[in-house]
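Chemist: Residues per chain, in single letters:
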Amino acid sequence: DVKVTQSSRYLVKRTGEKVFLECVQDMDHENMFWYRQDPGLGLRLIYFSYDVKMKEKGDIPEGYSVSREKKERFSLILESASTNQTSMYLCASSLRGGRAYEQYFGPGTRLTVT
Amino acid sequence: AQRVTQPEKLLSVFKGAPVELKCNYSYSGSPELFWYVQYSRQRLQLLLRHISRESIKGFTADLNKGETSFHLKKPFAQEEDSAMYYCALSGQGTTDSWGKLQFGAGTQVVVTP
Chain A
1 DVKVTQSSRY
11 LVKRTGEKVF
21 LECVQDMDHE
31 NMFWYRQDPG
41 LGLRLIYFSY
51 DVKMKEKGDI
61 PEGYSVSREK
71 KERFSLILES
81 ASTNQTSMYL
91 CASSLRGGRA
101 YEQYFGPGTR
111 LTVT
Chain B
1001 AQRVTQPEKL
1011 LSVFKGAPVE
1021 LKCNYSYSGS
1031 PELFWYVQYS
1041 RQRLQLLLRH
1051 ISRESIKGFT
1061 ADLNKGETSF
1071 HLKKPFAQEE
1081 DSAMYYCALS
1091 GQGTTDSWGK
1101 LQFGAGTQVV
1111 VTP
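Heads up: the sequence lines are chains A and B, in that order.
Under the working numbering, the residue at position 24 of the first sequence is numbered 24, and the numbers go up by one with no gaps.
Adding 1000 to a residue's 1-based position in the second sequence gives its number in the working numbering.
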C-alpha cells in the first residue's frame, strides 16, 4: 500500500516566517508533486520533481521553492510566509512512466499564516 | 492551454435522487479525463477514468469529445456519496504535460436523507 506522509496536519505560522512542509513517500516513486487546494479554485500545481535534485515549476510557483535531496522526500519552502499562502497543501507521488492518474496523495497540511 | 471547468460549486440532492456533476474541458490534443473524490477527512483518491469505461460505486462518466464534456452521473444518490468531487485532465504525448494533472475547481455534493 502506497504511503505518502506529510510532516504536519495543521501548521500556524506568522507573516514573514520561513516555512518548511515535508513530504515523504515509501514506494520508491520518481515523481513528486506539491499542490495547494483552495475552495473555488480546486487543486493547483505549485512544483513537481521527476528525480532527485530535479524540479520544475507548476502553475503557481511564485512565493515557493522546493528541495529534493533524497528520492523519498520532497520539501516545499515558503521563504517568507504571507497571509495569502494560507491554504491546504497536498503532496503526491507517482512512478516515472506511470500514468498521470496514478498519483497517490498525502493527507494534506493545513497552513494558516497570521 | 488546457482548462477544466466545473460550473457547480455545490450540489445538494436527496437520497435516492439522480445526481449529475458537470465537467467541461479545453485541450488541443487528445486528453485523458478523470474524476477524483475526497471524502471528509480523507485523502484525495481516484474515482474513475474515462478510458476504463467502468462504473465505480454506481458512478459513470462518458467522455463526449464533441461537447468536450465528462459529466459524472449516478442514478440514485446515497448519503455516503457526500464528498468533494474534482474533474481532472491529463494531456497525452507531450513531455510538458506528461504525468501532470489539471484539476477543476471542484463540486461539493451533499446528499440529504
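Warning: the hint list may mix true and false statements.
[As the list claims (entries may be wrong)] Residues on chain A that point at chain B, a partial pick, calculated with CB under 8 Å:
{"#": "1", "residue": "Leu45"}
{"#": "2", "residue": "Gly63"}
{"#": "3", "residue": "Ser94"}
None of these hints come from the bench; they were simulated from the model.
In this text, a Cβ means the ideal position worked out from N, Cα and C, and glycines have one as well.
Chemist: If a hint holds in the structure, say so; if it doesn't, say that too.
Modeler: Hint by hint, here is what the structure shows:
no., hint, result
1, Leu45, "holds (6 Å)"
2, Gly63, "violated (20 Å)"
3, Ser94, "holds (6 Å)"
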